[in-house]
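Could you slot chain Z onto chain S? The hints should help.
These protein sequences, in sequence, are chains S and Z. For the first sequence, position 50 (counting from the first letter as 1) is numbered 50 according to the numbering used here, and the numbering increases by one without interruption. For the second sequence, position 81 (counting from the first letter as 1) is numbered 359 according to the numbering used here, and the numbering increases by one without interruption.
Since the hints were derived computationally from the structure, they do not count as laboratory data. Predicted, not measured: the structure shown is a model, and the values here were computed from it. Please note that a few of the clues may not be correct.
As the list claims (entries may be wrong) - Cβ-Cβ distance ranges computed for the label pairs, FRET-style:
| id | chain 1 | residue 1 | chain 2 | residue 2 | range |
| --- | --- | --- | --- | --- | --- |
| 1 | S | V140 | Z | T361 | 25 to 35 Å |
| 2 | S | D169 | Z | I365 | 17 to 27 Å |
| 3 | S | I255 | Z | Y423 | 23 to 33 Å |
| 4 | S | A156 | Z | V514 | 28 to 38 Å |
| 5 | Z | W521 | S | M137 | 18 to 28 Å |
| 6 | Z | I365 | S | F167 | 22 to 32 Å |
To be verified - Beyond 10 Å from chain Z on every Cβ pair, some chain S residues (computed):
| id | residue |
| --- | --- |
| 7 | Q9 |
| 8 | E22 |
| 9 | R23 |
| 10 | K28 |
| 11 | A32 |
| 12 | I39 |
| 13 | A43 |
| 14 | E89 |
| 15 | S98 |
| 16 | V237 |
| 17 | F244 |
| 18 | F248 |
| 19 | W266 |
| 20 | P269 |
Said to hold, decoys possible - Partial list, computed: chain S residues near chain Z (C-beta under 10 Å):
| id | residue |
| --- | --- |
| 21 | V140 |
| 22 | L146 |
| 23 | V149 |
| 24 | F167 |
| 25 | F191 |
| 26 | Q195 |
| 27 | H202 |
| 28 | T205 |
| 29 | P232 |
All residues carry an ideal CB built from backbone N, CA and C; glycine is no exception.
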Amino acid sequence: MADEVQIDQEVYDRLIGEGKSERIARAKAKAAAVRKSKIAEGASLGPKPAEENTKALEEFRSKAGEGGGVATATKTADAGAEGGRLTPEERAARVSASLGNGGEPASMGVPAESAHTHRLLALVPPAGIQQVQSKQMDKVYTWPHLLLVEFVSLLAVGALLLVMSFFLDAPLGTLANANEVPAINKAPWYFMGLQELLAYFHPMTAGVTMPGVALVLLMAAPYVDKNPSSRPENRKVANMAFTFFMVFWTILVMIGSFFRGPGYEWVWPWVQGLGFQL
Amino acid sequence: MPKPPTFNDVRTSVQDNVIWKSIFRPGSIYRKGYRDTSRDRALAAMNNVLYHLHPVKVKRHGLKLTYTYCLGGLSFFLFVLLTITGIFLMFFYTPAAGAGAELAYLDMREIEASVTFGSLVRNMHRWAAHLMVFTVFLHMARVFYHGAYKPPREFNWVVGVILLLLTLLLSFTGYLLPWDQLALWAVTVGTDMMGFTPVFGDQVQFVLLGGVEIGPSTLLRWYVLHVLFIPFVTVVFLAVHFWRIRKDGGISGPL
Numbered sequence: 001m002a003d004e005v006q007i008d009q010e011v012y013d014r015l016i017g018e019g020k021s022e023r024i025a026r027a028k029a030k031a032a033a034v035r036k037s038k039i040a041e042g043a044s045l046g047p048k049p050a051e052e053n054t055k056a057l058e059e060f061r062s063k064a065g066e067g068g069g070v071a072t073a074t075k076t077a078d079a080g081a082e083g084g085r086l087t088p089e090e091r092a093a094r095v096s097a098s099l100g101n102g103g104e105p106a107s108m109g110v111p112a113e114s115a116h117t118h119r120l121l122a123l124v125p126p127a128g129i130q131q132v133q134s135k136q137m138d139k140v141y142t143w144p145h146l147l148l149v150e151f152v153s154l155l156a157v158g159a160l161l162l163v164m165s166f167f168l169d170a171p172l173g174t175l176a177n178a179n180e181v182p183a184i185n186k187a188p189w190y191f192m193g194l195q196e197l198l199a200y201f202h203p204m205t206a207g208v209t210m211p212g213v214a215l216v217l218l219m220a221a222p223y224v225d226k227n228p229s230s231r232p233e234n235r236k237v238a239n240m241a242f243t244f245f246m247v248f249w250t251i252l253v254m255i256g257s258f259f260r261g262p263g264y265e266w267v268w269p270w271v272q273g274l275g276f277q278l
Numbered sequence: 279m280p281k282p283p284t285f286n287d288v289r290t291s292v293q294d295n296v297i298w299k300s301i302f303r304p305g306s307i308y309r310k311g312y313r314d315t316s317r318d319r320a321l322a323a324m325n326n327v328l329y330h331l332h333p334v335k336v337k338r339h340g341l342k343l344t345y346t347y348c349l350g351g352l353s354f355f356l357f358v359l360l361t362i363t364g365i366f367l368m369f370f371y372t373p374a375a376g377a378g379a380e381l382a383y384l385d386m387r388e389i390e391a392s393v394t395f396g397s398l399v400r401n402m403h404r405w406a407a408h409l410m411v412f413t414v415f416l417h418m419a420r421v422f423y424h425g426a427y428k429p430p431r432e433f434n435w436v437v438g439v440i441l442l443l444l445t446l447l448l449s450f451t452g453y454l455l456p457w458d459q460l461a462l463w464a465v466t467v468g469t470d471m472m473g474f475t476p477v478f479g480d481q482v483q484f485v486l487l488g489g490v491e492i493g494p495s496t497l498l499r500w501y502v503l504h505v506l507f508i509p510f511v512t513v514v515f516l517a518v519h520f521w522r523i524r525k526d527g528g529i530s531g532p533l
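Chain S extracted, bound-state conformation (with noise of 0.2 Å):
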């Protein structure tokens, strides 16, 4: 078995000996490998030592006295060597003097003449940052999982259409005369509860007012309803209005629907029959 990557055999021997496991000892080793090539094509390994960063330092501080450089050095300067350390007016010098505007203060907005514009982030105060705080949910990723779902109720109902129109055919009668009044003349379903209505109000009342006014509290529910939980047991009121509501409208709509005939008179439907078409 030949390996791609050489391994250093002494130090596989070493860790093989302490008992550490072939898989562990084998990386080791190739790493080992890796160091020792390195080193022999004479390349630094491992974080600069601390006088090479204070020189950096020394460098830029000289610099910045004389009103130019660029600030590259970030991660040298902030790493930790004896004095490496930069004051908060020195770091100041350094966003200005990045920004080249010359010794001048930061400012918050873009500066005028500056290209430098990325190095905005460096301005930004902690109070400018959104604090973002959201629980933690239990989330899946919608793909597969929500799409997976959403593909096959569409399928269902597709299909179910599908079959439903293969059966049922729509209604389609005589042709449109508006001189002869069918004997019965009803709205289409969704506005048989209207209709209804009509039966009992004038028609301001049931066809204009009632439904306005339904409209406009449909969308003023979200204000009204001050309750912030979403728990059935703690909105009682809310749920029993809308149910009322959703089961007053059926009511109307069934009746409407099935229980008058010719006329707009009460029928029973399974006497006079159904006078009904969708």
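Leaving out everything else, chain Z in the frame of chain S:
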């Protein structure tokens, strides 16, 4: 004799070319090298046009069928289905009903009798329309019982009520188009009520009917409303509705 290419050979040659790669963004599930890992699942959601509708991750409780019953999604699906079947029907329909030349009604007969799949498509359009009114209505009930209209979702509820109204108008304007007795008199009942609007009653009715009573100009007017104007307005409100769902933090809950 050369060996026939295997399935993998064919798949590689289809997926590994400039055209395929230009169609499917990096990360798409149709690209070569999709693996079922968390990273690729996230990328798949991000590199799909459905990213307009869905975030990368959704709340687990929302997956349960008994939470949303898919009602909102199905309403939208029915809207799309109605658009497709509606476009088909438009090819064979003329919104004309001059005395003695009721092309609208004759075209309906023609669609039923001699257009290929005409009857099936017309049935689908009709039943999907009724079903859409129903699903939109149920969707509203579902949202109410979950208290899903509470802050920050108040405005999206208002948009939803407007969409319910638009759905009813879409259905109602379509009801007149067959130009048979059922259509004419059902619409008459509905529009008579609008005439009782306070102050502007007559004007409202005149604008909606294109005259003092239902006639050929009403048909043309309602046809344009049905196939162009109301769908356009609906799409605008749908866009806002979907956008707000995401901006308001996805679906509501858990309770």
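For each hint, the structure was consulted:
1. V140(S) with T361(Z): 25 to 35 Å: Since the Cβ atoms of V140(S) and T361(Z) sit about 31 Å apart, the hinted range of 25 to 35 Å holds.
2. D169(S) with I365(Z): 17 to 27 Å: holds, 21 Å
3. I255(S) with Y423(Z): 23 to 33 Å: holds, 25 Å
4. A156(S) with V514(Z): 28 to 38 Å: With Cβ atoms ~29 Å apart, the hint holds.
5. W521(Z) with M137(S): 18 to 28 Å: holds, 21 Å
6. I365(Z) with F167(S): 22 to 32 Å: Given a distance of about 24 Å, which is inside 22 to 32 Å, the answer is holds.
7. Q9: Q9(S) clear of chain Z: closest Cβ-Cβ about 36 Å, beyond 10 Å.
8. E22: About 28 Å separates E22(S) from the closest Cβ of chain Z, which puts it past 10 Å; holds.
9. R23: Given a closest Cβ separation of 23 Å, the condition holds.
10. K28: About 28 Å separates K28(S) from the closest Cβ of chain Z, which puts it past 10 Å; holds.
11. A32: A32(S) clear of chain Z: closest Cβ-Cβ about 32 Å, beyond 10 Å.
12. I39: At roughly 36 Å from the nearest Cβ of chain Z, I39(S) sits farther out than 10 Å, so the non-interface label holds.
13. A43: holds, 32 Å
14. E89: Check passes; 43 Å lies beyond 10 Å.
15. S98: holds, 34 Å
16. V237: holds, 12 Å
17. F244: holds, 12 Å
18. F248: holds, 14 Å
19. W266: holds, 18 Å
20. P269: Consistent with the label, P269(S) stays out of reach of chain Z, its closest Cβ about 18 Å off (over 10 Å).
21. V140: For V140(S), the interface hint holds, since the closest Cβ of chain Z sits about 5 Å away, which is under 10 Å.
22. L146: Since the shortest Cβ distance to chain Z is 5 Å, the answer is holds.
23. V149: holds, 6 Å
24. F167: holds, 9 Å
25. F191: holds, 6 Å
26. Q195: Status holds, d = 6 Å.
27. H202: holds, 8 Å
28. T205: Cβ of T205(S) sits 9 Å from chain Z, so the hint holds.
29. P232: holds, 7 Å
The structure is consistent with each of the numbered hints, conforming to all of them.
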